[in-house]
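Undergrad: Start from the sequences, fold in the hints, and give me the full structure.
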Amino acid sequence: MRTTTVRTDDGIDLHVEVEDADRPGAPTVVLSHGFTARLAEWDLQRETLRGRARLVLWDQRGHGRSGWTPLTAATIDRTGRDLGAVLDAVAPGGPVVLAGHSMGGMSVLALARQRPELFGDRVVGAFLLATSAGGLAATGPVAWGLSVLRRLGLLGLYLRLVQALAPLLERFRRRGTRLGRWVTRRLLFGRDADPASVRRVQDLLEETPYPVTVAFWATFLEHDESSALPVLARVPVTVVAATHDRLTPVEHGLRLAEEIGPSARAVVVEGAGHAVNLTRRAEVDAALLELLDRAAAGWERRRAG
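So the sequence shown is numbered by my numbering: it starts at 34 and just counts up by one.
No wet-lab data here; the hints were simulated from the structure.
Every residue, glycine too, gets a C-beta built ideally from N, C-alpha and C.
A hint or two may mislead.
As the list claims (entries may be wrong) - Cβ-Cβ distance ranges computed for the label pairs, FRET-style: (1) V301 with L77: 14 to 22 angstroms; (2) L202 with P103: 18 to 26 angstroms; (3) D42 with D318: 16 to 24 angstroms; (4) L77 with G100: 24 to 32 angstroms.
TA: Laid out in structure tokens, this is it:
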């Protein structure tokens, strides 16, 4: 394993780790982690894929060991461009399979919108795990509150206020609390939660400072990458959705697969929550390996044709 730094066009240094495959010509799998996590989120899948594919993992801006970003650049649009910069720097040729969990999946969608020419040529498959193309704040109490703030013209003020308070909250923050475990259990797990997994995810997510967390909030409110779906239709796609996911509900995954079309397969994991890659390793790994087989077959057909 080697580490490298990729500098974006707006001057942010991204931490990247690369592991070569055991055989020449193996595909490159680029793994993009979720919101407030870091590349260690993929440790289990990394073990499964090691040797079978060339692996690229990276910390999204503001997360893990990557550099921080101006508030105005804490957007899904920007993380999509960052993913493109990582591809250009460490995976300049195909075949490449992109895998993204939660915000990482949104980054994949953003890249597809921004650079459609990559898909079907260099990018030969996509694995979208517990993610959404948009509309996360369209229903429920959160949507109602946002609607009120928008009608009153206070949404921008609210976002600026929480961003201003975030450094102070971070200063007095306590990590590893019982309340934090309850929130983690409630938001990221389904019926299959166990204390060790909950603690592991809590520790991972609490590494990210509050200023990073609140800086990205606004981008999730406006997130809409539906225009990327016809681009993804060019390559094999697997969408994994969990029935007890409270952050990106299962309906979002099913809608993704339906709107992408025949090239997409939906895998629904019963009883799992948002952290499905950690709690249901067998199902997620099997879906990822099956996608790699489909992507390899499609790549070979394209080369032969």
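Undergrad: Run every hint past the structure and note whether it holds.
TA: Here is what the structure says about each hint:
no., hint, in the structure
1, V301 with L77: 14 to 22 angstroms, "holds (20 angstroms)"
2, L202 with P103: 18 to 26 angstroms, "holds (20 angstroms)"
3, D42 with D318: 16 to 24 angstroms, "violated (35 angstroms)"
4, L77 with G100: 24 to 32 angstroms, "holds (27 angstroms)"
In summary, the structure is inconsistent with hint 3 from the numbered list given earlier, while agreeing with all the others.
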